[in-house]
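**Student:** If you read the sequences in order, they're chains A and B.
Under my numbering, the first residue of the first sequence carries the number 1, and numbering increases by one thereafter.
Under my numbering, the first residue of the second sequence carries the number 1, and numbering increases by one thereafter.
These are computed hints drawn from the structure, not numbers from a lab.
Hints may contain errors.
[Said to hold, decoys possible] Short derived list, chain A residues pointing at chain B, Cβ under 7 Å:
| no. | residue |
| --- | --- |
| 1 | 56 |
| 2 | 58 |
| 3 | 76 |
| 4 | 78 |
| 5 | 92 |
| 6 | 93 |
| 7 | 98 |
| 8 | 101 |
[Unchecked claim] Chain A residues, not near chain B, derived (Cβ > 10 Å throughout):
| no. | residue |
| --- | --- |
| 9 | 15 |
| 10 | 24 |
| 11 | 44 |
| 12 | 66 |
| 13 | 69 |
| 14 | 91 |
Built from N, CA and C at the ideal position, the CB exists for glycine as well.
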Amino acid sequence: MPNPLPDLATVAGATDGRLLLLFEGDNVLVARTRIRAGETLFVAGAEVTLAADLPLGHKLARRPIAAGQKIVKYGAPIGTATESIAIGTPVHVHNVRSDYTPTYHLMDADKPGAGA
Amino acid sequence: MSMAVATGTAASVPSRVAQTETMRGWLRSDGRKGIRNTVVVAYLVECAHHVAREIAIPFREHDVHVIGFPGCYPNPYAERMMERLCTHPNVGAVLLISLGCESFNKYALEKKVRDSGRPVKTIVIQAAGGTRKSMAEGRAFVAEQRAALDEASTVEMDPSELIIGTVCGGSDGTSGISGNPAAGRAFDQFVEEGAACIFEETGELIGCEHIMAARAVTPELGAILEASVAKAARYYATLGYGSFAAGNAEGGLTTIEEKSMGAYAKSGASAISGLIKPGDVPPHGGLYLLDVVPDGDVRFGFPNINDNAEIAELIACGSHAVLFVTGRGSVVGSAISPVVKICANPETYRRMEDDMDVDAGRIIEGRASLDAVGREIHDLVIDLARGKRTKSEELAHQEFVLGYKSFEPIGPACLPV
Chain A
1 MPNPLPDLAT VAGATDGRLL LLFEGDNVLV ARTRIRAGET LFVAGAEVTL AADLPLGHKL
61 ARRPIAAGQK IVKYGAPIGT ATESIAIGTP VHVHNVRSDY TPTYHLMDAD KPGAGA
Chain B
1 MSMAVATGTA ASVPSRVAQT ETMRGWLRSD GRKGIRNTVV VAYLVECAHH VAREIAIPFR
61 EHDVHVIGFP GCYPNPYAER MMERLCTHPN VGAVLLISLG CESFNKYALE KKVRDSGRPV
121 KTIVIQAAGG TRKSMAEGRA FVAEQRAALD EASTVEMDPS ELIIGTVCGG SDGTSGISGN
181 PAAGRAFDQF VEEGAACIFE ETGELIGCEH IMAARAVTPE LGAILEASVA KAARYYATLG
241 YGSFAAGNAE GGLTTIEEKS MGAYAKSGAS AISGLIKPGD VPPHGGLYLL DVVPDGDVRF
301 GFPNINDNAE IAELIACGSH AVLFVTGRGS VVGSAISPVV KICANPETYR RMEDDMDVDA
361 GRIIEGRASL DAVGREIHDL VIDLARGKRT KSEELAHQEF VLGYKSFEPI GPACLPV
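Turn these sequences into a full structure, and let the hints guide you.
**Tutor:** So, in structure tokens, the structure goes:
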């Protein structure tokens with residue numbers, strides 16, 4: 001998996017410690033804790049303010065992702081972006097589709113920021 | 001109603017071995033050793049379920065577990081599952097409860113259990129004179145067997161004699177980061193020690209088939225592993241749903257591929273020694289993939305309707321214990337074998353600590369390493385053979401689900417070594 005960006009670990013202060021980069025080539029980061037709406041985060045050097053809560057285990061774009069581009073997590077493709085996704089914004093069922101079977105979800109519950 | 005207590009057989013948790021220094025097991029006639037000495041009450045059709053449950057209720061905290069098959073139509077898969085479960089090394093005696101008119105071959109099952117050296121009795125409700133008489137007869141048998149099993153002696157046991165299964169349920173965005181890879185580290189350690197480890201749910205390996213196939217001990221096995229995932233993808237596509245629940249999305253998982261990558265981590269890093277199907281017992285130590293998706297056309301609905309159907313299959317393959325990784329927070333246990341609940345999500349752990357054996361969320365919060373939690377899981381399983389009980393055992397969780405399926409037997413290339 002080619003990685004056009006420098007390893008975040010080598011860029012001091014580039015990414016908030018509350019976000020986890022699993023593999024160097026990933027274009028998403030995972031929340032290690034619930035991050036509240038309105039909080040400011042650094043994502044690969046960019047300053048981002050969350051519009052809604054980002055629950056533990058949910059994902060943010062590590063870099064801008066174009067519609068049709070693969071979402072890469074664990075160094076592997078986990079689906080395709082259905083719209084362009086700005087850096088630091090949530091990546092989930094509202095902007096990603098499976099390349100295998102459609103994801104079944106309860107619409108009201110899956111909004112980033114909802115649920116326990 | 002406390003017949004067991006009245007007769008003294010269930011007075012002071014007698015079915016539990018005292019905490020011992022070494023691993024201890026009950027030696028069975030086939031050479032396998034059990035880490036539990038359970039009496040199984042098995043209903044052979046749903047119509048006999050109530051009677052079976054009523055028989056077991058007074059003994060439910062004393063290693064008397066109910067399993068069964070609800071269907072009235074015959075099914076070779078279900079009959080094989082029941083046979084494997086009733087002759088599982090953790091089982092010491094068996095009571096079969098038949099209504100009388102169902103198609104299940106109770107004669108064959110009773111013979112298999114008897115041939116295994118275990119005490120067995122069949123009560124046919126219609127012949128026994130109905131519910132009340134069947135219950136009295138059943139409880140008398142269980143009390144007698146429980147008392148005898150409580151006197152049974154144990155032998156020393158080695159980690160290499162263990163079979164361990166793993167499953168994940170109620171997965172979320174933390175499962176693949178903490179709980180599943182920690183279970184994988186425990187698997188690596190067990191495989192190193194000569195134990196057999198089984199991972200499963202090919203429907204949750206969709207997207208991982210190529211990297212998984214590269215770990216097979218032979219290229220032929222690699223092709224079989226890939227084909228098993230392709231079969232699962234086809235099967236689920238026909239059904240219109242992936243192996244993906246609404247709560248998975250709520251917990252941050254976006255697609256089946258993402259869930260699969262996380263689930264795959266449970267397998268650890270060992271070479272994959274073989275592919276087995278429900279009821280196949282691994283022939284020796286190593287890592288095995290359990291193919292749970294039926295062969296042929298889609299016939300009986302979803303491969304496994306819930307986590308407990310998968311747990312039952314892992315146990316039918318001989319699993320002494322099952323590692324269950326959860327993020328959202330499952331509470332289940334199982335009949336026959338202890339279920340070790342590994343909580344991947346630190347928020348869930350804090351909310352549901354009473355149900356969780358391992359707090360793997362420490363990894364996400366930077367309070368423990370993957371290796372440390374992997375060792376903790378490994379050591380906990382060893383402790384289960386030294387008198388320790390899991391949280392779900394203490395809470396008397398004994399879930400069990402068995403449905404209809406059909407399988408072709410595995411070929412020789414599935415077990416190359």
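**Student:** Beyond 10 Å from chain B, beta-carbon-wise, is residue 44 of chain A?
**Tutor:** The claim stands: residue 44 of chain A keeps its Cβ more than 10 Å from every Cβ of chain B (closest is about 19 Å).
**Student:** Hold the hint about residue 56 of chain A up to the distance rule: shortest CB distance to chain B must be less than 7 Å.
**Tutor:** 6 Å, holds
**Student:** Verify this label for me: residue 15 of chain A is non-interface relative to chain B, using a Cβ-Cβ cutoff of 10 Å.
**Tutor:** 15 Å, holds
**Student:** Taking C-beta pairs only, is residue 91 of chain A more than 10 Å away from all of chain B?
**Tutor:** Check fails; 7 Å does not lie beyond 10 Å.
**Student:** Any CB of chain B closer than 7 Å to the CB of residue 78 of chain A?
**Tutor:** 4 Å, holds
**Student:** Once the shortest beta carbon distance from residue 58 of chain A to chain B is found, is it less than 7 Å?
**Tutor:** Hint on residue 58 of chain A: holds, closest Cβ of chain B at ~4 Å, below 7 Å.
**Student:** Can we confirm that no CB of chain B comes within 10 Å of the CB of residue 69 of chain A?
**Tutor:** Consistent with the label, residue 69 of chain A stays out of reach of chain B, its closest Cβ about 14 Å off (over 10 Å).
**Student:** Does residue 24 of chain A sit more than 10 Å from chain B, CB to CB?
**Tutor:** 15 Å, holds
**Student:** Would the stated hint for residue 93 of chain A survive a check requiring a Cβ distance to chain B of less than 7 Å?
**Tutor:** 5 Å, holds
**Student:** Can we keep the residue 101 of chain A interface hint, with Cβ of chain B closer than 7 Å?
**Tutor:** 4 Å, holds
**Student:** Take the shortest C-beta to C-beta distance between residue 98 of chain A and chain B; is it under 7 Å?
**Tutor:** 4 Å, holds
**Student:** Is the shortest C-beta separation between residue 92 of chain A and chain B less than 7 Å?
**Tutor:** 5 Å, holds
In summary, the structure is inconsistent with hint 14 from the numbered list given earlier, while agreeing with all the others.
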